[in-house]
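Starting from the structure of chain L, add chain V where the hints point.
If you're matching them up, the sequences are chains L and V in order.
Taken in order, the first sequence gives residues 0 to 63; the numbers are from my numbering.
Taken in order, the second sequence gives residues 47 to 540; the numbers are from my numbering.
Note that these hints are calculated values from the structure, not bench results.
Backbone N, C-alpha and C fix where the C-beta goes; we use that ideal spot for every residue, glycine too.
Careful: at least some of the hints might be erroneous.
Unchecked claim - Straight-line Cα separation of at most 27 Å, BS3-like style, residue types lysine-lysine; simulated pairs:
no.	chain 1	residue 1	chain 2	residue 2
1	V	Lys444	L	Lys30
2	V	Lys444	V	Lys424
3	L	Lys55	V	Lys444
4	V	Lys444	L	Lys60
5	L	Lys32	V	Lys424
6	L	Lys55	V	Lys188
7	V	Lys188	V	Lys424
8	V	Lys424	L	Lys55
9	V	Lys444	V	Lys465
10	V	Lys188	V	Lys444
11	V	Lys339	L	Lys32
12	L	Lys60	V	Lys188
13	L	Lys55	V	Lys263
14	V	Lys444	L	Lys32
15	V	Lys263	L	Lys60
As the list claims (entries may be wrong) - Far from chain L, some chain V residues (derived; all Cβ distances over 10 Å):
no.	residue
16	Ile49
17	Asp92
18	Ala169
19	Pro173
20	Leu233
21	Ser422
22	Val497
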Amino acid sequence: MAERTQKQKPAPSRTEETVEEAPATAASGDKLKAELDDLLDEIDGVLETNAEDFVKSYVQKGGQ
Amino acid sequence: MAIPKVCGIETEYGIMVRGAESNPVTASSLLINSYLAVNYRKVGWDFEDEHPGHDARGFAVDDLLAPDIETNLVNSVLTNGARYYVDHAHPEISTPECLTALEVVRYDRAAEEIIRESMTAAASHLPADAEILCHKNNSDGKGNSYGCHENYLLARVVPFGRIVSQVTSHFVTRQIVIGAGKVGCELPGMSADDVPYQISQRADFFEEEVGLETTLKRPIVNTRDEPHCDASKYRRLHVIVGDANMSEVATYLKVGTTAIVLAMIEDDALGDDWLLANPVSAIRQVSHDPSLKRTVLLRDGRRVTALEVQWGMLERARKYERSHGLTVVGDAVGPDVLSRWEAVLVGLESDRSTVADVVDWVAKQRLIEGYADRHSLKVTDARLKALDLQYHDLRTGKCLAHRVGLQTIIDSNDVETAKTEPPTTTRAYFRGRCLAKWPADIVAANWDSLVFDIGRDPLRRVPMMEPLRGTAEHVARLIDESNTPAELLARLGA
Chain L
0 MAERTQKQKP
10 APSRTEETVE
20 EAPATAASGD
30 KLKAELDDLL
40 DEIDGVLETN
50 AEDFVKSYVQ
60 KGGQ
Chain V
47 MAIPKVCGIE
57 TEYGIMVRGA
67 ESNPVTASSL
77 LINSYLAVNY
87 RKVGWDFEDE
97 HPGHDARGFA
107 VDDLLAPDIE
117 TNLVNSVLTN
127 GARYYVDHAH
137 PEISTPECLT
147 ALEVVRYDRA
157 AEEIIRESMT
167 AAASHLPADA
177 EILCHKNNSD
187 GKGNSYGCHE
197 NYLLARVVPF
207 GRIVSQVTSH
217 FVTRQIVIGA
227 GKVGCELPGM
237 SADDVPYQIS
247 QRADFFEEEV
257 GLETTLKRPI
267 VNTRDEPHCD
277 ASKYRRLHVI
287 VGDANMSEVA
297 TYLKVGTTAI
307 VLAMIEDDAL
317 GDDWLLANPV
327 SAIRQVSHDP
337 SLKRTVLLRD
347 GRRVTALEVQ
357 WGMLERARKY
367 ERSHGLTVVG
377 DAVGPDVLSR
387 WEAVLVGLES
397 DRSTVADVVD
407 WVAKQRLIEG
417 YADRHSLKVT
427 DARLKALDLQ
437 YHDLRTGKCL
447 AHRVGLQTII
457 DSNDVETAKT
467 EPPTTTRAYF
477 RGRCLAKWPA
487 DIVAANWDSL
497 VFDIGRDPLR
507 RVPMMEPLRG
517 TAEHVARLID
527 ESNTPAELLA
537 RLGA
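Next up, chain V with everything else stripped away, as it sits in the complex:
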């Protein structure tokens, strides 16, 4: 039985400083601390339960290959339940745990606004003509990539081998729906002369089918087994293959279609019809072909286009909706994702311009090609790469994605409240509400616990091992009626 697809997104933003000397780690710290100074009393992140070296295939890596976490850097928890921190020389925001793709979009949009406010707050600590620029993209065009990861809750009983073999086809082909687009190519020895424009920011950086790495030899399916909840019941699929999207609908479809595909895999309703013969070359091939005409080889010898695989998955999802329902991804969100998914596939197949208001790579391609035509530019002209970068520029007034007519699906008031208020339907509610109400009494927080200092030893850790407990329904009254954390803990029976 598929379980509710609790999900979230973690985004590493590109960062640069202009007009002052700085390195990206210092700049990221300044950015985040400036925001916190305006909005927060600092609460530290608690690393006790972090195990990024645990592998889903059943072993642990404790040597140099294990992804390291820089514990001495800025690391904070926000009252909306999100984590805002410095990771690998980038500012990063992890959304709180959400119950639907639509909720993820809301918190991802709130994260963008938080970055935007942080840039403004940081300006007051910089010389008058200096500024920090943040980009919501995944590559600098010079071979350096940084991630936008998704996370999905899965039942532990589902064989990991089945997840890997079946979800890979979606990861390789979904980019035609949700790719963010990129001018040029970053494979060694290749350039914009070879690939003037490609569908995905990230595809050039994937070298393995499956593995634990996230910074080198990146795998299409990442095996980090760090569920941040009850490991005997759940796993968290850590997806590192996606692009950061500027289009709200693209983020919605990225998380929505993937949640449905994963639910189908849990219920063994997807099947092995699209197993790829060579996923690593296929992911690049699909990305490098904006015509969407080229085919990739399946293990059974057939050749199919990415569009055909996506049509097949959609059709299977329709069947799954009829046989199982879509409650695990949200009763309203599930069917909406399917109809938007279909509309995008129709548009990609018939008239590309009809999806330019939802598909990032199409919107960007029209911009780049329109500009190149108007000024008769060669594909290698720096102005085209500048346009590409500026599509993702988060500064108000500079962001080109804000000017291409992308549809929005989240009301701006809902984005505003999501900056400070947690989702009500996951444990993020408990984390966020407690942090807002008792900031001085919480000494540490992480995904699956809060540590309170109630004025006498020892510190009290409240474990939150169930992602769907600690919701507003469970604890809103308790929190409302408790005057102190000691009272709350007493009433929780902790």
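Extracted from the complex, chain L is given alone in its bound form:
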């Protein structure tokens, strides 16, 4: 069926990519995780001070 061919065709390149780039992918995954932790550490200093008021006051006119 058409569905099956479509799903299977990209598979070789997908497998290749996962195998070859596994270390790089894992490394960039770790890096992102560390960045996210750092961001969560600092975020309260950046976040709007009164979140509830800010969210409540954020009202826009509908556009296109």
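The following block gives chain V in isolation, referenced to the frame of chain L:
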């Protein structure tokens, strides 16, 4: 034969004023005028050739349903060929016409910088503790939405019915690649309790499959037939279904994949394999399912996931690349879009975290979930919605999207020049260069003409009905060598 995919993006930014009384129209005008006062002598927009009520299905609407344009509001043209104006109580920037998705990203980034500079410029006109805040998002979380529209040049001969039926599948499923993410749900009667987090900002607001509206009962395929060029040869597909992206790669893939899909439709190389049984419920269903597991029903009775449809389209695009080439979307950009598209699909399928540096909704989801975990927050906690809004906050230092490690693909120097210099490969070059060189002699401008005042009656209109004429290759020397607009017009034979 597919034609070059001249394209662009128009973004309505969210706006609010803090510390002073103001309405959004006044605030938007102040924002834009402050920027223009610093950078420009004002040139007005010319509405003569605007026909937003013309429908691609072959009729015109002149009654109350026609989208109206508020001609009395701030409306200006920039030397980079863009339009900067107030629309529906939002500041809006339309990029100049670009020839590739990469060029669109560059001008979309320049537009963000222009908004940022405008906020700074406006601050000097406000009380000391007041400020204007602009967000590059598409909803306020309370049921009000505003758009980020894309435009693509298509050959007029392509049957509109084929475009509608085939492109809809891409519009419904591409959100898994390019959605900007949203905390909660804005469908009537639903909330964050029902849908804590969804893929798209916009999906909740689409109620029709096809139609002319843009502000109410929004359709997945918009039929506004206003080509802003030779209507006998071209149409402009006005796409209203997308989210505004903070990720450069997401904007790149939004425009790049859509341009390729449209070229395939023009060449009748896409086919009818993924026609959806119910596009309106499907677009919401896909958006409401960050697990990417749920299936949607096709007209032929099969059930498929959005990922499967995207894989199928990518595969068809690879085949199209081999049979037709990708010159119409850019010889370098086309293959790059395909490989990045594939990398995102691989990541979404295998390890989500590997695409958190390119996919907005994934980046935002990690932020929201990480914060909720750390502080043990309920899904309805206002702090999570605040994080969502602040992801899109354009103020320097406040923007959370700038802190999540998103990849960039445009050099900051190229963004800088794009604020003032037009693309060289479309008619935007002629518009931008003339505005920069003779600001005092151009009385009006729009997408397909410039009106010069050369000192004696009548005013001289230069039509620009071909989007790929008026490029640097065609007119750079003419403009360089002409000392006055009169000389330019004489040499153009106008």
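Okay, the hints, checked on the actual structure:
For the suggested pair Lys444 (chain V) and Lys30 (chain L), the alpha carbons sit about 22 Å apart, so the restraint of at most 27 Å is met. Distance hint between Lys444 (chain V) and Lys424 (chain V) is fulfilled; the C-alpha atoms sit about 24 Å from each other, no more than 27 Å. Proposed proximity of Lys55 (chain L) and Lys444 (chain V) is supported: the alpha carbons are some 18 Å apart, at most 27 Å. Proposed proximity of Lys444 (chain V) and Lys60 (chain L) is supported: the alpha carbons are some 23 Å apart, at most 27 Å.
With a CA separation close to 22 Å, the supplied pair Lys32 (chain L) and Lys424 (chain V) stays within the 27 Å bound. At roughly 9 Å between alpha-carbon atoms, Lys55 (chain L) and Lys188 (chain V) fall within 27 Å of each other, so this suggested pair holds. Simply put, Lys188 (chain V) and Lys424 (chain V) have alpha-carbon atoms about 19 Å apart, close enough for the 27 Å limit, and the pair holds. Under the criterion of a C-alpha separation no larger than 27 Å, the hint pairing Lys424 (chain V) with Lys55 (chain L) is consistent with the structure, at around 17 Å.
For the hint pairing Lys444 (chain V) with Lys465 (chain V), the CA-to-CA distance comes to about 22 Å; that is within 27 Å, so the pair holds. Under the criterion of a C-alpha separation no larger than 27 Å, the hint pairing Lys188 (chain V) with Lys444 (chain V) is consistent with the structure, at around 22 Å. Proximity of Lys339 (chain V) to Lys32 (chain L) is assessed by CA-CA distance (about 24 Å); at most 27 Å being required, the pair is judged to hold. For a cut-off of 27 Å, the pair hint linking Lys60 (chain L) to Lys188 (chain V) stands: about 10 Å separates their Cα positions.
Under the criterion of a C-alpha separation no larger than 27 Å, the hint pairing Lys55 (chain L) with Lys263 (chain V) is consistent with the structure, at around 25 Å. For the hint pairing Lys444 (chain V) with Lys32 (chain L), the CA-to-CA distance comes to about 21 Å; that is within 27 Å, so the pair holds. Taking the CA atoms of Lys263 (chain V) and Lys60 (chain L), the gap is about 16 Å. The hint holds against a cut of 27 Å. Residue placement check: Ile49 (chain V) keeps its beta carbon more than 10 Å from all beta carbons of chain L (closest about 26 Å).
At roughly 21 Å, the least C-beta separation between Asp92 (chain V) and chain L is larger than 10 Å, which holds for a residue marked as non-interface. In this structure Ala169 (chain V) is separated from chain L by more than 10 Å, as the shortest Cβ-Cβ distance comes to about 18 Å. The claim that Pro173 (chain V) lies off the interface holds: its Cβ sits roughly 17 Å from the closest Cβ of chain L, which is beyond the 10 Å cut-off. Once the 10 Å rule is applied to beta carbons, Leu233 (chain V) is consistent with being away from chain L; the minimum gap is 15 Å.
Every CB of chain L is more than 10 Å from the CB of Ser422 (chain V) (nearest about 13 Å), matching its label as outside the interface. Under the 10 Å C-beta cut-off, the non-interface status given to Val497 (chain V) relative to chain L holds; the minimum distance is some 26 Å.
Of the numbered hints stated above, none is contradicted by the structure.
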